[in-house]
Amino acid sequence: MYFKKRFVILFFLLGLAIIFGLVKGAVNIPLGNLLLKDNQVIFNLRLLRIAAAILVGSGLAVSGIALQAILRNPLAEPYLLGTSSGAGLAAVTAAILGLSRLYMPLAAFLGAMLSIILVYSLAKERGLIADKSLILSGVIVSVAFSSIIVFLVSLFGNEAMHEMNWWLWGSLQVYDYKLLFLVALPVVLGICGIYLFAQDLNAISMGEEEAIHLGINTQAIKKILILITAIITASLICICGIIGFVGLIVPHMMRLVVGPNHKLLIPVTCLAASIFVVLCDLLSRTLFAPVEIPIGVITAIIGAPVFIILLKKGKRI
Amino acid sequence: MSALLSINNVSGGYYKEDVIKGVSLDVKEGDFLVIIGPNGSGKTTLLRLATRVIPLRKGEILYKDKNISAMDLKEFCRRTAFVSQDISIGFSFTVMELVLMGRIPHLKRLQFEGKRDMEIAREKLFLTDTLSLKDKRIDELSAGERQRVIIARALAQEPELLFLDEPTSHLDIGHQVQTLDLLKKLNRKNGLTIVMILHDLNLASAYSNRIALLDKGAIFKEGKPEEVLTYQNIEAVYKTIVLVNNNSITGKPNVVLVPGEK
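Sequences listed follow chains A and B, in order.
In this text, residue positions in the first sequence follow numbering that gives the first Met the number 0: the first is 0, and each later residue adds one.
In this text, residue positions in the second sequence follow numbering that gives the first Met the number 0: the first is 0, and each later residue adds one.
One thing to keep in mind: the hints can contain errors.
Stated by the list, open to error - Quick list of simulated restraints, FRET-style, between CB atoms:
id : chain 1 : residue 1 : chain 2 : residue 2 : range
1  : A       : K262      : B       : K183      : 28 to 38 angstroms
2  : B       : Y13       : A       : V149      : 47 to 57 angstroms
3  : B       : S131      : A       : K311      : 27 to 37 angstroms
Simulated from the structure, these hints should not be mistaken for lab results.
All C-beta atoms in this analysis are idealised placements derived from N, C-alpha and C, irrespective of residue type, glycine included.
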């Protein structure tokens with residue numbers, strides 16, 4: 000009962016956030032007029048953005064949960080394993096090569112997947128993956144790719160610069176609803192897939208050896224989950240670039256609220272992260288309208304202080 | 000009676016050199032076997048090999064005549080369970096959530112715990128005298144309570160054989176005796192076979208029916224407490240002078256330290 004109440008509250012808040020997201024914007028539309036023919040274009044655009052926000056929030060937050068558990072590292076987040084810089088590098092390269100915008104998402108996806116394969120093979124030792132080497136090679140690959148991005152930008156200037164900004168700070172502007180549907184499929188399936196491992200994640204979060212003693216094939220599960228999170232993250236990067244902090248703080252905040260049991264944590268975090276991203280997107284559109292602030296800036300501006308407050312309160316993270 | 004667990008000429012370790020070098024040891028049904036030995040003698044490594052955490056390099060381990068390396072891991076964990084020294088729990092699960100994890104080997108991938116699993120978890124909490132703690136968070140508990148909860152989780156796996164790695168090392172003497180009494184009860188009444196690492200020689204003597212003394216990755220001596228806990232054996236392995244007399248209450252050997260002079 001207690002838990003059901005929380006879900007009801009979260010659904011209610013999400014509903015509110017969606018309504019706000021539809022009504023507010025560069026142009027405010029009264030609720031009653033939303034469905035008028037004149038407003039249909041704006042309504043559709045905003046609905047797409049909200050759908051993208053929910054997808055991005057849930058996908059990033061659940062990937063963050065999975066990585067925090069399997070790497071037993073509170074700082075783990077979806078971009079830790081190099082996907083973001085890989086996608087950024089691929090996108091910038093594509094921009095320099097003069098590829099049409101149509102191919103950008105594909106380039107970003109491939110870049111993200113390639114970088115995670117690189118990180119993974121660097122970390123592999125005698126067929127086993129150690130958590131520390133995985134994190135280390137993730138950081139190294141990220142730094143290397145980022146510097147290549149800057150190198151390319153300084154050589155080729157403007158067009159690369161524009162692309163880079165877009166990728167590095169994210170935007171929920173959906174250019175193509177078909178792309179959104181295409182991305183939704185792997186993301187939704189991925190989240191469901193991770194949820195199937197909820198109890199395994201509980202066990203692994205207490206230590207790899209403990210999990211083995213409970214009959215869990217930790218190496219296999221790690222591989223599967225790294226692959227799933229990589230696909231989710233790479234897919235999301237295609238439509239929205241890089242949106243930081245969502246995959247990091249929302250899981251931690253929800254752990255403080257509902258505890259570490261992944262069976263509850265995953266659905267609750269999905270809802271909370273959706274609300275968070277819908278609201279952040281709303282702010283990014285309305286704060287300095289008609290100028291749009293990249294959503295990654297908003298999530299960071301809200302996320303960093305919240306994170307610091309949580310840390311300072313001495314709560315477990 | 001044939002052995003429940005049969006360790007045959009097993010070697011293994013982490014880096015190039017083997018930590019365990021050709022150990023053979025039989026665990027019979029109903030045994031309360033205690034493994035003792037100095038730091039670095041390979042006690043924990045032996046248990047890690049026997050519980051499939053690290054692979055064997057030589058030899059084989061049989062569980063009821065089945066090679067454990069070929070057994071399904073979940074199947075293996077329905078028959079054996081493991082209690083570690085002290086698990087550092089990064090996330091603060093509740094006691095009930097933790098004990099329910101013991102049901103993982105019994106569940107299929109898409110299956111969540113059902114009524115029966117809840118009943119078993121409650122039963123094990125009751126057995127370890129921790130039922131009143133069931134809704135507490137694990138990091139709110141004292142070390143003694145936490146150790147009992149972890150034993151409850153292992154029991155929820157419904158094992159025939161329970162491995163324990165120094166389950167009493169973080170406990171005061173009261174809780175040490177309480178924990179070991181519980182294990183003895185499970186051993187006698189419920190027929191649970193126990194293989195346990197202990198540092199305290201007198202606790203090993205008081206509770207075990209067999210002792211294996213490990214030294215430098217090999218079995219130095221194995222047998223009844225009075226056969227293993229002689230001053231000659233202890234001095235040879237631990238490089239320290241002791242006196243061994245009889246505990247007048249248990250009738251088992253009692254090891255007395257002799258402080259050295261400067």
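Worksheet item: Going back to the hint list, which numbers does this structure go against?
Response: 2
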